[in-house]
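My request is simple: use the sequences and hints to build the entire structure.
Protein chains in written order, with the UniProt record's numbering: chain A, 1 to 238; chain B, 1 to 238; chain C, 1 to 238; chain D, 1 to 238; chain E, 1 to 238; chain F, 1 to 238.
There's no promise every hint is true.
[What the hints assert, rightly or not] Straight-line distance between alpha carbons at most 30 Å, and here's what the computed BS3-like set of lysine-lysine pairs gives:
id : chain 1 : residue 1 : chain 2 : residue 2
1  : B       : K52       : C       : K167
2  : C       : K82       : F       : K82
3  : B       : K167      : A       : K22
4  : F       : K106      : F       : K233
5  : C       : K52       : B       : K82
6  : B       : K106      : B       : K149
7  : D       : K56       : E       : K52
8  : E       : K22       : E       : K149
9  : E       : K167      : C       : K22
10 : A       : K167      : D       : K56
11 : A       : K22       : A       : K82
12 : B       : K56       : C       : K167
13 : B       : K233      : A       : K22
14 : F       : K52       : D       : K82
15 : C       : K233      : B       : K207
16 : C       : K207      : B       : K148
17 : E       : K207      : F       : K149
18 : A       : K82       : D       : K52
19 : A       : K233      : B       : K22
20 : B       : K22       : B       : K106
21 : D       : K207      : A       : K56
22 : A       : K207      : D       : K106
23 : B       : K207      : C       : K52
24 : B       : K56       : B       : K148
25 : B       : K233      : B       : K149
26 : B       : K233      : C       : K207
27 : D       : K82       : E       : K82
28 : F       : K52       : C       : K52
29 : A       : K52       : F       : K52
30 : A       : K82       : B       : K52
31 : A       : K56       : A       : K106
32 : F       : K22       : D       : K82
33 : D       : K167      : A       : K106
34 : F       : K22       : D       : K167
35 : F       : K52       : C       : K149
36 : E       : K82       : C       : K52
37 : A       : K149      : C       : K52
[Claimed, not checked] A short, non-exhaustive set of chain F residues, derived as facing chain E with CB atoms under 8 Å:
id : residue
38 : R92
39 : T192
40 : G196
Hints are computed from structural coordinates only; laboratory data are not their basis.
The structure displayed is predicted, hence computed values, not measured ones.
For each residue, glycine too, the CB sits at the ideal point set by N, CA and C.
Number of protein chains: 6
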Amino acid sequence: MRIDGRTNNQLRPIQFIRHYTKHAEGSVLVCFGDTKVLCTASIEAGVPRWLKGQGKGWLTAEYGMLPRATGTRTQREAARGKQSGRTQEIQRLIGRSLRAMLDLSKLGENTIYIDCDVIQADGGTRTASISGAAVALIDALECLQRDKKLSQDPLTGLVAAVSVGIKNSEALLDLNYAEDSTCDTDLNVVMTQAGGFIEIQGTAEDKSFSRQQADAMLSLAEAGIAEIITAQKQALGW
Amino acid sequence: MRIDGRTNNQLRPIQFIRHYTKHAEGSVLVCFGDTKVLCTASIEAGVPRWLKGQGKGWLTAEYGMLPRATGTRTQREAARGKQSGRTQEIQRLIGRSLRAMLDLSKLGENTIYIDCDVIQADGGTRTASISGAAVALIDALECLQRDKKLSQDPLTGLVAAVSVGIKNSEALLDLNYAEDSTCDTDLNVVMTQAGGFIEIQGTAEDKSFSRQQADAMLSLAEAGIAEIITAQKQALGW
Amino acid sequence: MRIDGRTNNQLRPIQFIRHYTKHAEGSVLVCFGDTKVLCTASIEAGVPRWLKGQGKGWLTAEYGMLPRATGTRTQREAARGKQSGRTQEIQRLIGRSLRAMLDLSKLGENTIYIDCDVIQADGGTRTASISGAAVALIDALECLQRDKKLSQDPLTGLVAAVSVGIKNSEALLDLNYAEDSTCDTDLNVVMTQAGGFIEIQGTAEDKSFSRQQADAMLSLAEAGIAEIITAQKQALGW
Amino acid sequence: MRIDGRTNNQLRPIQFIRHYTKHAEGSVLVCFGDTKVLCTASIEAGVPRWLKGQGKGWLTAEYGMLPRATGTRTQREAARGKQSGRTQEIQRLIGRSLRAMLDLSKLGENTIYIDCDVIQADGGTRTASISGAAVALIDALECLQRDKKLSQDPLTGLVAAVSVGIKNSEALLDLNYAEDSTCDTDLNVVMTQAGGFIEIQGTAEDKSFSRQQADAMLSLAEAGIAEIITAQKQALGW
Amino acid sequence: MRIDGRTNNQLRPIQFIRHYTKHAEGSVLVCFGDTKVLCTASIEAGVPRWLKGQGKGWLTAEYGMLPRATGTRTQREAARGKQSGRTQEIQRLIGRSLRAMLDLSKLGENTIYIDCDVIQADGGTRTASISGAAVALIDALECLQRDKKLSQDPLTGLVAAVSVGIKNSEALLDLNYAEDSTCDTDLNVVMTQAGGFIEIQGTAEDKSFSRQQADAMLSLAEAGIAEIITAQKQALGW
Amino acid sequence: MRIDGRTNNQLRPIQFIRHYTKHAEGSVLVCFGDTKVLCTASIEAGVPRWLKGQGKGWLTAEYGMLPRATGTRTQREAARGKQSGRTQEIQRLIGRSLRAMLDLSKLGENTIYIDCDVIQADGGTRTASISGAAVALIDALECLQRDKKLSQDPLTGLVAAVSVGIKNSEALLDLNYAEDSTCDTDLNVVMTQAGGFIEIQGTAEDKSFSRQQADAMLSLAEAGIAEIITAQKQALGW
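Pasting the structure below:
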């Protein structure tokens, strides 16, 4: 039994609260247990310079943590004057993952900004961000459609993400902070609604992991992501 | 009658939700109408270098806006690599105002970090931040007391803040965004529980204001702040 | 009697030396006692991107202190790689105050840069900057007129500024550094030639101030600013 | 057959030129085909502040590309004033991978800096960097031993890395730039000499990949890394 | 005859106004014609970290231009967030030149900061800065001596600097801006009171210069610097 | 006899390895003894904004050192977030020197980027950079000619550079690091193929130098540069 009473293949309680704030085209507060991330999707006409004139759209993502989202206060990146390597790594991952939901050539010359801001952190903030931002993106696309700004449907399907790990030689689904900081391996997996892999990022924290352990983690992730996608659909009323 | 149906001397609905997040010593979501700010107070042992060895404490504040707290997306300051002049001006104001709640010589060599992060903006974010952070600071001081880290009580009393303005020659209390962006003058006032002034910051946006108008605004602010302090006390169970 | 022998309502000796440097369209060395600020007004054709095509002009201000304008050397902001919060707060104040002298819609697509650089500091550098820059701005506008670059007169009148404070419960006009660093409250006031208020910025340094004290300070400021405007007019030969 | 005539499971010609420069404790020019990276390992007494007094060592890595290592010139990061997200992502990966070669508790309070600078890029610079830096690290450890600065052997074994990908539904080993920029999926794998996984980082560039494809890529990587480790040993005379 | 009526070997009118501002230990406004630079020398106890505990002192220099010291406004370096390459080149030159006036081992663990801020520019700002800062440094050393902070005299003598150039194949002394921007070669020379060379920095702007021209410029500089040193001595009452 | 057995007027072994990397239009590894610098010349269509529409070209240079090019590791400038004053000084020198090889009005609206990256440092990296970049520039110009992008020949001739110094009152040619760090004076000289001077930069490190010493150094540099130009021609097959 795990710290919080879950079985090895059990997700934390998951919640998607849509329309959490009023200005953004898509605004979702996603909760994976005590991890809470506000994910917004904002639409702006126009695309970055390198994409102009091609009739295609773009999606980019940014990630941040409120200074006291964590157990001890983290220095504010705006005050430090730069984003950490970790932040950049995560926001690049979110961007790549969310772009997998779209056929950008059908988006018109629009840019979608995904902002994932961690209100409270308890492990798995990057995978919660991806899963929540996917729902916010759907809401933003509906805005575009309602405003007649799309002639084709750019959506190719949902994506969702989860973390898995190896602790004491056992594979665990959806690590919370206490598990994440003591496990041997941490693997983040992003998949499409259709069951394809978008990203696999695994890191041995202390000792290397075997091919079987890799297999066990991937299987656990596949099952977990299927559940998350079900929850996303429910939230969306699909 | 005002845009949202209020009378000139009426505050928006005010709410202080304590313990909004779980890690911070003090954590308050403050709502002034649609303006929502998460205010946390974090305690760290030690003081800045220039204060070491004097047995005194320190309090400093930082302010931020989530990129899509606003009607159109604002660029993330962490990504731009610096805080705007507006942000710095506001966080310096918050810091000065909150320090007025404390006798720092009774705080011991502890530093309190106030973080005010705007989740949703609809005018008056700086005055909501001060009013909410005051409550979070009280909660953080109680943590210090519970942990026996204080030998004296550093608290001198609450502070609260409100904006007032002149629109069409009439003084209005607690401007929302629509009012703020069209009024002639915007005055932010910070006061103590005992009725003393801490800060007065008034700016004529388009045309100058008269001495009578200044007087009218100050009177309106005095009454409004008294109400806010009552709401703070209620939230604190005082 | 005050440290330097003045009465409570007495300004320091004030001087405006026009044409202090030869390149700028307006160049004024302003002295408020030992506080000496070089204020220049520079004209450039064109406006910032967000204002283009509207036929309107713009005015923006920057403020700096020479490293050894102060009693102990201050680190050079260019070497630190950023302007302090204090600097940004001050230059935003100067910009807002000086824009109150102009009807920007009559300026044509020109930008006026105000630069206030403190050569020697003895308290009140921001209010001296505003008062001196107002004179430099008049000289720069005359250059525009002489060069036939204006079809209408954008000038709406002079502005001037002064600091007032409370020390030992008495209101004092035009604080020098020794007074400024020991007073209880510091209030900066900016007014127009016509007697309207542009900015009021008051901060309780140590203990809060009462409504009566606020009133006393405002009255003192009104009288002081009237004297400064007289001195500006004399310097301009009006 | 592939662009450059290789079979799907064939590495490019691999070369490790030790002692490539004279100052560094370890200095290896690694070539994977036309990809050439200079990897140095530098030893400095002392550890970062957060590790002081624990008797342990540290290893950190930095990565850079000469501006014209690439087909078109890339802006110099030192001139831009910051490292890109891609650079930070890569150097964090290199650091984590190389730390897996060491038992840091046996290194003493020494820090090893790994610098990987790409002289010429043709795909797979991060995996070549890891493989080359592993050899440089061995040379640096020998310096420490020769200088009697180690009481225990911190080395736990070699690591090596390779990229694999899916192109036209076939798994390919060790992608060059032309393959990398046109393939559907790109997976970077880091393994130990003992056959354990350290890192798996896979990204679907355009379309998602299946579980079978993931399996095929991992198998290809296992075989490829075994060959690279053989080449490392040869270069080291093991 | 030159633009301003001087002969080829004639300096512009030179002036050293000591005690120009009141806070700095040494404060000199130096004028070379219309070039006016405020040079201050500030003393701080202590030395940079890399020099601690050696009983030696240090001298470092910074240089800046007020934004409107020039014919068209230059962007403020503090606002840009960095010093230009030109600024850094100049302040490094000033520092090296002024250190040549001192035996740092006799200065005690004190640091002298030289600040050269150009109030008005008309060519030769770096050489005026060096010549003026030399006088400010003497005044600062006297402060140290008056305060009994020196047990030995660290002064080894004055330095001074001048620019020379080639225009229409003729060597000219002390170029003003109009000459500087149209000449073929610009050479800056720094010498000691004893007639030794400290720095020679010559740049062919458009066409290269011959060995004879180099010789002619050096001779012109030697004579000019001797005159400047005479003026420095006069200003110092030596 | 010198440390490495050379006579006072003897260069170190000099080598120019052309086509050292495959992507750049010009790519030369230059070796002056143990100093090794990779010099590339990259061509891009277009010119900086301030030069647009004049039909002229531009050349600019950047300089860097690999962190472990030196005896002890130097912090990576990209990680520090800015280039040092020394780096900027050197790259400005390289740019000015290389522009002396070209009649920019005959280059068309093209920009040539010179990148000099020090692989291994042993004194004289800036003069080696200039001498090597000159050869790379010739190769890049040939690319332009081969691609029919030039209607006129912009080349005016080669430049080369060398350092000279005074040690124990003797003038030495081409200082290595050990000599450079112990000599009294260090002079860098850049000359054209036709024997004209482009740059002279001399600095007295510890004691000033006399006019005779300046003359002796210049003569030594003239002879050394003639030899280097002969070596450049040989490498180019001229």
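Structure-based check of all given hints:
1. B/K52 - C/K167: holds, 29 Å
2. C/K82 - F/K82: Within the cut-off at roughly 13 Å; holds.
3. B/K167 - A/K22: holds, 26 Å
4. F/K106 - F/K233: Between F/K106 and F/K233 the Cα gap is close to 23 Å, so the pair holds against 30 Å.
5. C/K52 - B/K82: holds, 26 Å
6. B/K106 - B/K149: Roughly 11 Å separates the two Cα atoms, so the pair holds.
7. D/K56 - E/K52: Roughly 28 Å separates the two Cα atoms, so the pair holds.
8. E/K22 - E/K149: holds, 21 Å
9. E/K167 - C/K22: At roughly 26 Å apart (the allowed maximum being 30 Å), C/K22 and E/K167 satisfy the hint.
10. A/K167 - D/K56: holds, 24 Å
11. A/K22 - A/K82: holds, 29 Å
12. B/K56 - C/K167: holds, 24 Å
13. B/K233 - A/K22: holds, 29 Å
14. F/K52 - D/K82: With a Cα-Cα distance of about 28 Å, the restraint between F/K52 and D/K82 holds, given a limit of 30 Å.
15. C/K233 - B/K207: It holds: about 22 Å lies between the C-alpha atoms, which stays within 30 Å.
16. C/K207 - B/K148: This hinted pair holds, its Cα atoms lying about 28 Å apart.
17. E/K207 - F/K149: holds, 26 Å
18. A/K82 - D/K52: holds, 26 Å
19. A/K233 - B/K22: Judged against 30 Å, a Cα distance of about 29 Å means the pair holds.
20. B/K22 - B/K106: holds, 27 Å
21. D/K207 - A/K56: holds, 18 Å
22. A/K207 - D/K106: Measuring from Cα to Cα gives roughly 16 Å; hence the hint holds.
23. B/K207 - C/K52: holds, 24 Å
24. B/K56 - B/K148: OK: B/K56 and B/K148 at ~17 Å, within 30 Å.
25. B/K233 - B/K149: holds, 24 Å
26. B/K233 - C/K207: holds, 22 Å
27. D/K82 - E/K82: Holds. D/K82 to E/K82 sits at ~13 Å (cutoff 30 Å).
28. F/K52 - C/K52: holds, 22 Å
29. A/K52 - F/K52: holds, 22 Å
30. A/K82 - B/K52: holds, 28 Å
31. A/K56 - A/K106: holds, 7 Å
32. F/K22 - D/K82: holds, 27 Å
33. D/K167 - A/K106: holds, 24 Å
34. F/K22 - D/K167: This hinted pair holds, its Cα atoms lying about 26 Å apart.
35. F/K52 - C/K149: holds, 27 Å
36. E/K82 - C/K52: holds, 28 Å
37. A/K149 - C/K52: holds, 27 Å
38. R92: holds, 5 Å
39. T192: Check passed: Cβ of F/T192 comes within 5 Å of chain E, closer than 8 Å.
40. G196: With a minimum Cβ separation of about 3 Å from chain E (threshold 8 Å), the hint on F/G196 holds.
Consistency note: the structure conflicts with none of the earlier hints.
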